[in-house]
Amino acid sequence: MNGRLILEDGSVFKGISFGSEENVAGEVVFATGMTGYEESLTDPSYKGQILIFTYPLIGNYGVPSKEYWESDRIQTTGIIVSTYNPTPSHFKSQQTLSDWLKKEKIPGLEIKDTRVLTQKIRTKGTMLGKIIFKKNIKLYDPNRENLLTYVSIQKIVKKGSGKKTILLIDCGAKGSIARCLIKRGVRVIIVPWDFDPFNSKLHLPGEQSRHLEGVRQLDGIVISNGPGDPKMAEKTIQTIKIALGKKIPTLGICLGHQLLSLAAGGDTRKLKFGHRSQNQPCILVGSPRCFITTQNHSFEVFKIPPGFKTWFVNANDGSNEGIIHKKLPFMSVQFHPEANPGPQDTEWVFDAFLKRI
Amino acid sequence: MRNLKKVLILGSGALKIGEAGEFDYSGSQAIKALKEEGIKTVLANPNIATIQTSKFLADTIYFLPINDFFVEKIIKKEKPDGILLSFGGQTALNCGITLYKKSILEKYNVQILGTPIKAIIFTEDRAEFTNQLKKISIPTPKSEAAKTLSQAVNIARKIGYPIMVRSGFALGGQGSGIAKNEKELIVIAEHAFAFAPQILIEQYLHHYKEIEYEVVRDSDDNCITVCNMENMDPLGIHTGESIVVAPSQTLNNFEYQTLRDASIKIVRNLGIVGECNVQFALNPNPKKGQIEYYVIEVNARLSRSSALASKATGYPLAYVAAKLALGKNLINIKNKVTQKTQACFEPALDYVVVKIPRWDIEKFKGADEKIGSSMKSVGEVMGIGRTFEEAYQKAIRMLDLDFEGATSNVLLKNETTIRDNLKIPTPKRMFAIAKALKENFSTQTIYKLTGINPWFIERVKNIVDEERSTKKDLQALTPQKLLRLKQLGFSDKHIGKLVHEKGLKVRALRKKYKILPSVFQIDTLAGEFEAKTNYLYLTYNGNHHDVEPLRKDGILVLGSGAYRIGSSVEFDWTSVQTALALKKHNRKSIIINCNPETVSTDYDVSDRLYFEELTFERIADIYDFEKPYGAIISVGGQTPNNRAQSLKQYGAIILGTDPMDIEKAEDRNKFSKLLDKLNILQPAWNKFSTLKSAFSFCKEVGYPVLIRPSFVLSGTLMRICHNEQDLRYFLKKATYVSKEYPITVSKFIEDAKEIELDAIAQKGEIITSVISEHVEDAGVHSGDASIVLPPQKIYVETQKQIEEIARKLAIELKITGPFNIQFLAKNNKVQVIEVNLRSSRTYPFISKVTGVDFIKVAVDSFFGENKRTIKIPQINFVAAKVAQFSFARLTGADPILHVEMASTGEVACFGEDIEEAFLKGQLAVGEKIPQKGIFLSLGAEENKINFLENAKKLATIGIPIYATEKTSLFLIKNGIKAKRLYKIHEKKSPNILECFQKEKIDLAINIVDSHVRKITDDDYAIRRSAVDHNISLFTNIQKAELFIKAVTSKKLEDLPIKSWNEYV
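Residue numbers (numbering that gives the first Met the number 0), protein chains in the order written: chain A, 0 to 356; chain B, 0 to 1063.
Hints are computed from structural coordinates only; laboratory data are not their basis. Backbone N, C-alpha and C define an ideal beta-carbon position, used for all residues, glycine too. Among the hints, a few may not be true.
Below, simulated DSBU-like cross-link-like pairs (lysine-lysine); rule was C-alpha separation at most 35 Å, straight line [said to hold, decoys possible]:
1) B:335 with A:269
2) B:626 with A:123
3) B:327 with A:325
4) B:1057 with B:951
5) A:13 with B:513
6) B:510 with A:133
7) A:302 with B:333
8) B:286 with A:182
9) A:182 with B:141
10) B:531 with B:327
11) B:78 with B:141
12) A:13 with B:437
13) B:470 with B:157
14) A:134 with B:480
15) A:354 with B:264
16) B:531 with A:123
17) B:447 with A:102
18) B:511 with A:133
19) B:133 with A:158
20) B:157 with A:91
21) B:339 with A:308
22) A:65 with B:287
23) A:101 with B:447
24) B:504 with A:13
25) A:101 with B:480
26) A:302 with A:326
27) B:182 with B:626
28) B:287 with A:157
29) B:141 with B:157
30) B:362 with B:792
31) A:101 with B:738
32) A:123 with B:587
33) B:987 with B:364
Now the stretches of chain A that chain B is said to cover, found in silico as 3 or more residues with beta-carbon under 8 Å [claimed, not checked]:
34) 103-117
35) 252-260
Could you put together the complete structure from these sequences and hints?
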């Protein structure tokens, strides 16, 4: 079956389908990582996006069972690869990528020249686009709506155990963030993006009420990654404002970094085509150290909030990669210290944060 | 870091199996990196054919052996502030360790730059290294070090068979092997102990994946992995012998990152500053479903793999490592490919590369074809594509062995089955996979037999299936089908064979359908940033070009392709010099080459680099795209030269001599007639399609004769036969004769000198020329011969004749550009053996000795810009070029000098006389001045008499002389004390083998009676055992004579230490 990728600028690319034949529309982005397609596909930050893999061979090691995913389903709207590999070989593989896509009703197209697509997006910026099979559909801009409602959890969940309690605000959190925290011996309570932990009047039924007690004993807050424009997440920004006022130790990751910045009086804007790769070098400001990081974001912090200083800066393009408060335990990073996919070189950020609790 | 003004760099010496062109590449990059910092560079490297030993690179160059004796003298003289040890392979590293241990570096206050020496010593001592890794919880295979044979046996019993034997301090895994039982262990261990004081007995990880990481770390502890690679062949086959893919294909993110983290942890723990390679064994089917891996090797230096990784990613590892050694931070080093970003990042690839080794095992008589844990390959190629299939099939063609692709039908030995060919790894295994698939073997069966991951087998199956579904009809080739074939890397010629048409027909159809390859950049960041890079490849998995053609500004320079016996780094030097010389003519160089160990494939050497096949199809594709001014085919050795006719017919402009005239020199019949016409003598020869006619010709011209069959069953191609019986035997065993496969027979002239002339002509007029002389009489291949410049023993009359012949040939063949003639001279009678209308292997040697850059003159001649003849300046010294052999690595190979080339590299040294230059040269290729004992075995009365004077000289050294029965009797009769040894097959004591094993002998001379062919070849046994016991061996009387003269007339201490600048 042949399908087409049509971009906002009218350009059309023919491809061979290896996924579900759904007509879909979204924002077209590219990622340059060479492994970890299953982690990327289940990363909620990709919500609303059609993802192009620049690495040309995808599907090599099949798809592992759910416990290795970053969320419980495929989050991308569609994927584009140069060559899909139908004969995976890996002891952890449970199904082929094609079967997975079909099961989850996600389209996948093989378009040989993914490099020209990448160059187009690099020079013209991120574009809207659609994958079409038979019927034509309208373009759709995911940044115009609040995507967090699609990816955030509905109910409060408790994970792990420990003396300290961390509130993880789920704006579309990758599973690895909670895993990184739990590994460090803390109790993690995951709450929806719009949950107000400081509402003392709130009552919840059953098990949820026990979790709520935990929320009230929180020692720190982690704001997760997530899709879309940070300015859409007003409720989360409000929550963070209160938290900062209460001087609760706070760590922001990716979207969480942007939200913390906005809450503290900084500002964000959209990047031309974002950073989606596993090889982004970030300099720890004031040191000779540079870390290789995983990234997946369209927006950047360009105005550092008052009282904060730059923590990390991108060695390639100089964009902001993290901020830290000059005195108080507030910090955030644009990259993914939880990795998956990508290098685990900055997992120490979790340690640095937990030390401040 | 203290202020560095002058730094000494150690090279790796001659190219040998396990240590080849990759170190010219890494050394050259290091020199560039230092020069940028304003540091003076002193280079010690006797390999005259390298690019690093060129004036435009190092400031001061010493063509001297890389050992502590000579390097100490260089240090004493040059007083460098620092030394780089990790850019010259194991040779440089071993030398550096000795210098350190002898406190020589301390004595002269020379700082070791980069990785601390203690870390290096650590990684070299496997036992210590294993303990250290245990401390940081990095798993290594169960293993124990053994210093004696009995220790080895005990440890193996403890660990359990099969076990792996590894030897420390050895290049390319020499002396390593897998033993399934005690008997096998003893054979391997004995061999290993001849080269290393300690071996490691290790748990053997059957059919594990082998994965490598290339890591760099700076002195601020920034640490990154530049590339990972996956061996297609499972563990047990040396990575230099494996088909290697980058990046890894079958690892998921968790495995990739776990191994990455482990590499970084090791590198940090060792305190590496610079580059390091870490090799892992990864269980493809771990029992508990969790990751199971072991670290199997760490190289704390630039390596073959790091050169490959540099070319695979575009990340200049050696350049960066040199900067880091100076104390720079990764962030402050620019990414030279993008020109925008910096060196602290990990390249993202949007293509896949496949490296395949090039073996020439069949060129060695008696050599074992099996490949395993020690290196036998002599070169490698790297295919780049956007599917594995595309890259793999490209690489197979790049081997330049007439294989069109993965399904090539390779002659598998009659007595072997496909199963054998899958199970026993040999260079043919890759073809056996396709053959098995054609015969419907299942992927699982092939996996079980080979240990090659099913993923790779499926890719080959994809190729086989695509081929199967191709209808045998050109008309039936739809554009879709043709495109699919091209996307999987099929060549036009291959498709042609499938549809029973010529490749050119397929090409025409393909162009009609507009199925053309795309030109893509290798940009290190998968397109994320706009890159200024000129590093390119072609793919059918794309439909745009990243660059614009250069058109008339550009000139194609065809490189040499894979290194192999007979074509190696010398043709990389000529290619690089050509690219540089084009600048003067305001043309842009476009290099095409496919060998990752070369400097010519370093993207800053040329204006454009196509890392591509040197096949007609691919050159024509690039020619079509670039529409250049023309192409240079005469500087990359025989491979590009072979493309002259087809390119000319295609309409390409060939710079220099017209391909029509090239053909006149290459077609034996045409050339022979031409010589007759010009009254130039040549040895009598003819071609025969029946044995009878061949025998009657031999009778007529008289034996010995030189035989060149056109069909070879096994073993060597050429042979000298001394009598009819000999000839019959050879023809029966090695070949057969028919109309389709005629043999060429030429009269072989005994006791003749071999002389070479290299020259540049312009429109038939010789601009410059130089004559060099072989030490060995004719009968030793010119690539193996020791060559002396200026000639020492050539009559003036002979010289005049040679020059006159060259003049005549230049006019007759209307030569423009480089050419080389080989002559035989006996009693002032000069005969021509062959003419090559291209630059020869001696170009770097003659250019560097005479000071005349022959390539520059050649390039000037292409543009008609040589206004007058160029006189070779008077040479007031002597230079000797000496061949490097790698027989020790080729189990079973007969280490005798003969008409077919066997050497893998060369060095050249300078001296006041021939003895000095030759002695230095011999030491530089690893021969030793005898100090323990000498063994002589001289066949034939004539040889004994001829050798007598030499034997007397040897006696003056004052060490014991041992000899075979007849030789000892002869020596004693002539007043030379000699101890008789029994031959190996006699199994009596005192035996030759016993003396070799007990290390009583360090020089063996074995001169055979070429007229006698024996039933038991005890001479072969002597030679082979000598090589296996690391004893200097001479099999040619002239060469032995010169060596004896040199060691008896020169004292090591007195040899002058002079740099190249002081001579030329």
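We went through each hint and held it up to the structure:
1. Simply put, residue 335 of chain B and residue 269 of chain A have alpha-carbon atoms about 29 Å apart, close enough for the 35 Å limit, and the pair holds.
2. In summary, the hint linking residue 626 of chain B to residue 123 of chain A is supported, as the alpha carbons are separated by about 31 Å, within the 35 Å threshold.
3. At roughly 30 Å between alpha-carbon atoms, residue 327 of chain B and residue 325 of chain A fall within 35 Å of each other, so this suggested pair holds.
4. A distance of roughly 32 Å separates the Cα atoms of residue 1057 of chain B and residue 951 of chain B; the hinted pair therefore holds under the 35 Å criterion.
5. Under the criterion of a C-alpha separation no larger than 35 Å, the hint pairing residue 13 of chain A with residue 513 of chain B is consistent with the structure, at around 17 Å.
6. Note on residue 510 of chain B and residue 133 of chain A: the hinted pairing holds, with a Cα-Cα distance of about 32 Å set against a maximum of 35 Å.
7. For the hint linking residue 302 of chain A to residue 333 of chain B, the alpha-carbon distance of about 28 Å falls within 35 Å, and the restraint holds.
8. Straight-line distance between C-alpha atoms of residue 286 of chain B and residue 182 of chain A comes to about 25 Å, which keeps the hinted pair within the 35 Å bound.
9. Under the criterion of a C-alpha separation no larger than 35 Å, the hint pairing residue 182 of chain A with residue 141 of chain B is consistent with the structure, at around 31 Å.
10. In summary, the hint linking residue 531 of chain B to residue 327 of chain B is supported, as the alpha carbons are separated by about 24 Å, within the 35 Å threshold.
11. For the hint linking residue 78 of chain B to residue 141 of chain B, the alpha-carbon distance of about 45 Å lies beyond 35 Å, and the restraint is violated.
12. Distance hint between residue 13 of chain A and residue 437 of chain B is fulfilled; the C-alpha atoms sit about 33 Å from each other, no more than 35 Å.
13. The straight-line distance between the Cα atoms of residue 470 of chain B and residue 157 of chain B is roughly 59 Å, outside the 35 Å bound, and the hint therefore fails.
14. About 28 Å separates the Cα atoms of residue 134 of chain A and residue 480 of chain B, which keeps this hinted pair within 35 Å; it holds.
15. Between residue 354 of chain A and residue 264 of chain B, the direct Cα distance comes to roughly 23 Å. Compliance with the 35 Å bound is thereby established for this hinted pair.
16. Only pairs whose Cα atoms come within 35 Å are accepted, and residue 531 of chain B paired with residue 123 of chain A is accepted, the gap being roughly 19 Å.
17. Of the supplied pair hints, the one linking residue 447 of chain B and residue 102 of chain A holds, its CA atoms being roughly 33 Å apart against a limit of 35 Å.
18. At roughly 31 Å between alpha-carbon atoms, residue 511 of chain B and residue 133 of chain A fall within 35 Å of each other, so this suggested pair holds.
19. Straight-line distance between C-alpha atoms of residue 133 of chain B and residue 158 of chain A comes to about 34 Å, which keeps the hinted pair within the 35 Å bound.
20. Restraint check: the Cα-Cα separation between residue 157 of chain B and residue 91 of chain A comes to about 33 Å, which is no more than 35 Å; the hinted pair holds.
21. With a C-alpha separation of about 26 Å, the suggested pairing of residue 339 of chain B with residue 308 of chain A holds against the 35 Å cut-off.
22. Taken as a hint, the residue 65 of chain A and residue 287 of chain B pair is honoured in the structure, with Cα atoms around 18 Å apart against an allowance of 35 Å.
23. Restraint check for residue 101 of chain A and residue 447 of chain B: satisfied, since their Cα atoms lie roughly 32 Å apart, inside the 35 Å limit.
24. The suggested pairing of residue 504 of chain B with residue 13 of chain A holds, with an alpha-carbon distance near 29 Å, which does not exceed 35 Å.
25. Only pairs whose Cα atoms come within 35 Å are accepted, and residue 101 of chain A paired with residue 480 of chain B is accepted, the gap being roughly 27 Å.
26. Of the pairs offered as hints, the one joining residue 302 of chain A and residue 326 of chain A holds, with about 19 Å between alpha carbons and a cut-off of 35 Å not exceeded.
27. In summary, the hint linking residue 182 of chain B to residue 626 of chain B is not supported, as the alpha carbons are separated by about 62 Å, beyond the 35 Å threshold.
28. About 29 Å separates the Cα atoms of residue 287 of chain B and residue 157 of chain A, which keeps this hinted pair within 35 Å; it holds.
29. Pair hint residue 141 of chain B plus residue 157 of chain B holds up; C-alpha atoms about 10 Å apart against a cutoff of 35 Å.
30. Between the alpha carbons of residue 362 of chain B and residue 792 of chain B the distance comes to roughly 32 Å, so the proposed pair stays at or under 35 Å and holds.
31. A C-alpha spacing of about 62 Å is found between residue 101 of chain A and residue 738 of chain B, which places the hinted pair above 35 Å, so the restraint is violated.
32. Restraint check: the Cα-Cα separation between residue 123 of chain A and residue 587 of chain B comes to about 32 Å, which is no more than 35 Å; the hinted pair holds.
33. Restraint check for residue 987 of chain B and residue 364 of chain B: satisfied, since their Cα atoms lie roughly 28 Å apart, inside the 35 Å limit.
34. Here the segment 103-117 of chain A counts 6 residues with a CB under 8 Å from a CB of chain B, which clears the bar of 3, and the coverage holds.
35. Figure legend: the segment 252-260 of chain A, annotated as covered by chain B; annotation inconsistent (0 residues with Cβ-Cβ distances under 8 Å, at least 3 required).
Consistency with the previously given hints fails for numbers 11, 13, 27, 31, 35, ordered from lowest to highest.
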